[in-house]
Amino acid sequence: MSRMKTLLCAAMAASLATTAATSSAASDPVKIGIMLPFSGIYAQLGEAGRDGLKLALKEQAADLHGANIEFIEMDTEAKPARAPELASAMLGQHEADFVIGPVHSGVAMGMIKVLRGKDTVMIIPNAGAAAATGPLCSPNIFRTSFSSWQPSYPMGKVALDKGYKDVYLISWNYGMGRESLEAFEESFEAGGGNIVKKVLMPFPSTNFQPHISDIAAQDPDAVFVFFAGGGAIKFVKDYDAMGLRGKIPLLGSGFLTEGTLEAQGDAAEGVLTGLHYAEQLDVPKNQAFREAFNTEYGHYPDIYAVQGYDAGLAIADTLNQLSGDVSDKQAVISTMEALTINSPRGDFTFSRAHNPVQNIYLREVKDGANVVASIAAEALEDPARGCKL
Amino acid sequence: MTTELFFVQLINGIQYGLLLFLIASGLTLVFGVMGILNLAHGSMYMVGAYLVWYFATVTGSFTLSAILSAILALALGILIERVLIQRLYNRNHLDQVLLTIGMIFVFNSLQSILFGNDPYGVAVPSTLDGGIPFTENSSYPIYRIFAALICVSIAGVLYYVVSRTRLGMLIRAGESNREMVEALGVNIKSLYTIVFAIGVMLAAVSGIIAAPMRSIVPGMGESVLITCFVVVVIGGMGSIKGAFVGALLVGLISTFSSVLMPSMSNMIIYIFMILVLLVKPQGLFAK
Amino acid sequence: MIFEKRTERILVPMFFMVALFLPLFLESNSFFVGKVTTIIILSIFVMSLDFLVGRVGLITLGHALFYGLGGYLFVILAPEYEAVNFWIYTFYICGISALIALITGAVVLRTTGIYFIMITLAISQMMFYYFFDSLEFGGDDGVFIFMKPETSIFGLSFLNLDDPQHFYYLTLFSLFNTLVFFKVVLRSRFGRIVEATKQNPDRTEALGYNIFIFRLACYVIGSTLGAYAGFLFALQYGFVNPSFLAWEMSGTALVMSILGGLGTIYGAILGTFTYEGLQYLFEHLTEEWLLFMGSAIILMVIVLRKGIAGYLEKLLEK
Chain A
15 MSRMKTLLCA AMAASLATTA ATSSAASDPV KIGIMLPFSG IYAQLGEAGR
65 DGLKLALKEQ AADLHGANIE FIEMDTEAKP ARAPELASAM LGQHEADFVI
115 GPVHSGVAMG MIKVLRGKDT VMIIPNAGAA AATGPLCSPN IFRTSFSSWQ
165 PSYPMGKVAL DKGYKDVYLI SWNYGMGRES LEAFEESFEA GGGNIVKKVL
215 MPFPSTNFQP HISDIAAQDP DAVFVFFAGG GAIKFVKDYD AMGLRGKIPL
265 LGSGFLTEGT LEAQGDAAEG VLTGLHYAEQ LDVPKNQAFR EAFNTEYGHY
315 PDIYAVQGYD AGLAIADTLN QLSGDVSDKQ AVISTMEALT INSPRGDFTF
365 SRAHNPVQNI YLREVKDGAN VVASIAAEAL EDPARGCKL
Chain B
275 MTTELFFVQL INGIQYGLLL FLIASGLTLV FGVMGILNLA HGSMYMVGAY
325 LVWYFATVTG SFTLSAILSA ILALALGILI ERVLIQRLYN RNHLDQVLLT
375 IGMIFVFNSL QSILFGNDPY GVAVPSTLDG GIPFTENSSY PIYRIFAALI
425 CVSIAGVLYY VVSRTRLGML IRAGESNREM VEALGVNIKS LYTIVFAIGV
475 MLAAVSGIIA APMRSIVPGM GESVLITCFV VVVIGGMGSI KGAFVGALLV
525 GLISTFSSVL MPSMSNMIIY IFMILVLLVK PQGLFAK
Chain C
172 MIFEKRTERI LVPMFFMVAL FLPLFLESNS FFVGKVTTII ILSIFVMSLD
222 FLVGRVGLIT LGHALFYGLG GYLFVILAPE YEAVNFWIYT FYICGISALI
272 ALITGAVVLR TTGIYFIMIT LAISQMMFYY FFDSLEFGGD DGVFIFMKPE
322 TSIFGLSFLN LDDPQHFYYL TLFSLFNTLV FFKVVLRSRF GRIVEATKQN
372 PDRTEALGYN IFIFRLACYV IGSTLGAYAG FLFALQYGFV NPSFLAWEMS
422 GTALVMSILG GLGTIYGAIL GTFTYEGLQY LFEHLTEEWL LFMGSAIILM
472 VIVLRKGIAG YLEKLLEK
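Quick note, the sequences are listed as chains A, B and C, same order. Those letters in the first sequence? Residues 15 to 403, per our numbering, in order. Those letters in the second sequence? Residues 275 to 561, per our numbering, in order. Those letters in the third sequence? Residues 172 to 489, per our numbering, in order.
I should point out that these hints are in silico values taken from the structure, not numbers from a laboratory. You may find that some hints are simply not true.
What the hints assert, rightly or not - Per the computed footprint, the stretches of chain A lying under chain C, defined by three or more beta-carbons under 8 Å from a beta-carbon of chain C, are:
no., stretch
1, 99 to 107
2, 117 to 127
Claimed, not checked - Lysine-lysine pairs mimicking BS3-like chemistry, simulated, CA-CA at most 25 Å apart:
no., chain 1, residue 1, chain 2, residue 2
3, C, K477, C, K354
4, A, K299, A, K380
5, A, K72, A, K212
6, A, K380, A, K261
7, A, K176, A, K72
8, A, K171, A, K261
9, C, K485, C, K206
10, A, K343, A, K402
11, C, K206, A, K132
12, C, K319, A, K402
13, C, K369, B, K554
14, A, K132, C, K354
By construction, the Cβ of each residue, glycine as well, lies at the ideal position given by its N, Cα and C atoms.
Produce the complete structure using the sequences and hints provided.
Structure below.
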């Protein structure tokens with residue numbers, strides 16, 4: 015889906031505002047490839063990421079030293095089989111300077127296979143697969159979202175602080191689910207907590223009822239889960255429908271209540287989750303971002319838009335520091351890895367494996383919103399196990 | 275597993291199975307009568323769920339929305355049969371498969387264009403909200419009991435219509451001998467249109483009933499399609515009774531396996547289906 | 172002449188002539204060489220399916236099982252950081268796939284019609300979930316092939332699989348051989364009996380032929396070539412993922428073969444190129460490409476009674 019849209023207006027505004035002498039790069043556009051799902055289950059995540067990315071580059075247009083930005087969009091459909099082919103099109107056919115994508119971890123692997131170690135800089139705006147900034151880390155691979163470890167690890171300590179001794183864990187049996195539960199276990203067991211039972215149910219089954227009956231029978235102090243999207247909505251609703259809400263506290267990785275609250279309704283009230291963002295986060299940049307996004311697109315942004323926006327900021331800041339010249343790829347990488355991104359989630363930097371070093375907030379659902387209760391972990395860095403950078 | 279938990283899971287399994295029956299009934303009916311393998315059956319389930327969500331947000335009444343959506347689905351079924359399916363009756367079965375795959379693409383795309391890609395939820399109608407005390411610390415949602423009752427009644431009505439009424443007689447006759455029915459002066463074309471439209475409506479109704487219990491998301495149609503096929507194949511394609519038994523078996527097996535051996539439970543219904551077909555290559559209630 | 176129809180005699184040489192010289196007009200690292208390579212590999216896969224569905228009458232919705240297996244068998248068998256011999260591993264992979272086809276075929280061929288469709292689907296779904304849940308093979312994320320095989324025969328090496336052009340010609344050569352192989356098989360005595368089992372199973376049985384054995388043999392042949400195509404696909408980008416053996420993959424291949432003209436063998440190439448071409452076109456035109464793709468499929472089913480090959484034959488055979 016490479017509908018090429020050149021942000022001519024941005025370049026024009028920039029060249030009018032600055033004197034003609036600023037840059038020689040104006041003739042040679044900076045190509046940003048967008049590889050996100052625009053159809054299928056993850057379409058909404060893809061659209062949000064793209065909108066955020068474009069907003070960032072539009073806002074920063076004056077600081078790009080006249081660089082022309084050209085967007086190339088491709089629909090990954092969240093299908094891993096097509097990922098290497100599309101990535102090589104970005105590389106060979108379009109000669110993209112940056113590739114933003116994807117959402118789905120399997121697609122990320124297919125893209126990494128092609129892009130790893132190449133000149134094109136890949137920025138992952140969502141997929142949490144540990145491997146991307148772990149064993150497969152590479153100088154040209156960055157991530158502006160999270161590793162699956164990050165939102166879940168602090169929740170073990172949160173559970174201990176709340177006095178929960180026996181916790182029941184449940185998620186889908188796939189990469190993100192396994193890694194999230196393991197991260198929780200790591201901090202929870204280190205603090206003396208006891209895992210009553212750990213269930214990895216088949217993905218993408220949403221037949222939760224038998225498991226919720228089992229939770230009721232086990233009667234743990236609390237339940238920790240990783241579910242996202244449609245599954246998250248259904249789990250939270252089932253949990254409430256079976257009468258467990260208010261009796262056994264429900265904790266989760268933040269995606270449990272992210273972009274799903276409206277559909278979950280009252281059933282989500284009181285759920286505690288950890289995430290690197292919250293819509294009502296009290297950071298000045300966040301309010302400005304939310305209003306700007308709403309003005310541009312007519313609705314308020316979600317976490318996926320923030321992550322796309324930050325990918326855009328990373329590119330814009332790099333271009334700014336390099337005076338719009340991206341021909342030296344080593345310079346691009348070393349500039350980008352030293353950035354402090356002024357993100358709506360609060361400032362963050364990149365770790366040696368190029369994963370964000372960021373705060374994880376503890377949020378509680380109150381009146382249909384994720385309200386920040388505290389900072390669960392400050393400047394948390396993913397351990398990047400297996401990364402040799 | 276304690277005895278109490280066993281009974282709890284038994285109820286969960288039956289309830290899940292009943293819903294599966296409702297989704298699968300239209301598929302087996304259409305195949306039995308018309309010999310059409312409708313791969314877009316899951317899309318019709320999705321259509322029902324999205325329509326009821328849309329009308330519920332507009333009107334605020336679940337009952338009204340449910341009725342509106344079911345009628346629209348019936349009309350959609352007639353339209354699809356008249357415009358597309360009818361052209362393929364004297365063609366290879368594979369052409370029908372291809373056509374219905376094309377329909378999956380179209381419906382997925384229309385869903386994205388008309389309703390967007392955000393995940394949605396439908397609130398349980400207020401009269402059926404809440405639960406009855408169940409075990410020590412959990413309750414059983416009233417809506418789910420209601421949904422199970424609806425599924426049982428639809429099963430009853432279907433069984434009655436097929437085995438006791440004139441329409442049912444024609445349907446049964448149409449399955450075994452097309453020419454005979456035509457010789458009786460019945461317009462087989464209209465009969466097919468009616469059956470196909472009822473099949474579409476049954477899928478949509480299951481989507482409507484399921485809407486308050488699950489999330490309304492892109493791709494929800496495909497997620498039920500394969501399970502549906504497993505159900506009707508185990509029961510015997512075309513048999514309503516078979517679909518009922520097949521659905522309950524699949525519901526119970528997947529419920530118990532997902533608790534007792536979660537890592538295997540994705541594979542287990544397929545293993546079960548293969549075993550059934552090895553013993554009875556035409557399914558349990560083959561004709 | 173193994174090509175019986177005039178249409179084949181015109182189209183097949185034309186296709187291979189164009190394909191033979193195509194890379195000379197493109198840069199060697201060009202994306203299009205890779206894209207066409209992928210379509211050629213898919214054509215082999217679709218052709219093997221067309222043989223089963225169109226010629227033997229075995230409508231399988233689980234053919235992707237072998238496509239995925241081709242890649243996973245290499246991952247399972249080959250050492251991770253050592254370049255193995257391509258020809259030897261092709262032999263291993265085809266051999267094991269044939270064995271798996273023999274075993275599963277003996278099971279699935281007990282059923283017919285719609286039940287055959289469903290039992291093949293069930294077996295491939297089972298294996299899909301096996302690889303999806305398996306930690307040792309990368310689970311849902313899939314797994315990388317780090318070392319591409321080397322291709323020497325008796326110490327002589329003339330192919331470098333890392334070179335996109337070399338790999339292109341290897342796949343084109345494979346497609347040509349697959350086409351010729353099927354044509355020869357179908358014209359042989361064996362092929363004529365297979366034809367008879369499809370047209371009139373009862374009479375063939377009455378003539379003393381064991382239909383089951385013939386069908387099983389065909390199932391093994393088709394599945395093995397499907398696995399070979401999957402092996403090539405895994406090698407192209409060095410990436411294997413459970414989605415390669417998902418039912419959607421089988422469904423898409425079925426669409427391609429019906430589109431091309433069921434049972435024509437060479438139609439598989441037409442169907443695959445048309446499908447991929449249309450998708451590429453629509454994706455570049457609009458974000459709602461699925462709508463156009465779906466409508467195009469529906470339209471073609473209604474208009475083209477015997478696929479693209481059938482349409483061309485109507486034009487050219489007079």
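Evaluation of the provided hints:
no.: 1; hint: 99 to 107; result: holds (count 6)
no.: 2; hint: 117 to 127; result: holds (count 6)
no.: 3; hint: C:K477 with C:K354; result: holds, 19 Å
no.: 4; hint: A:K299 with A:K380; result: holds, 23 Å
no.: 5; hint: A:K72 with A:K212; result: violated, 46 Å
no.: 6; hint: A:K380 with A:K261; result: holds, 17 Å
no.: 7; hint: A:K176 with A:K72; result: violated, 44 Å
no.: 8; hint: A:K171 with A:K261; result: holds, 21 Å
no.: 9; hint: C:K485 with C:K206; result: violated, 31 Å
no.: 10; hint: A:K343 with A:K402; result: holds, 20 Å
no.: 11; hint: C:K206 with A:K132; result: holds, 19 Å
no.: 12; hint: C:K319 with A:K402; result: holds, 23 Å
no.: 13; hint: C:K369 with B:K554; result: holds, 23 Å
no.: 14; hint: A:K132 with C:K354; result: violated, 44 Å
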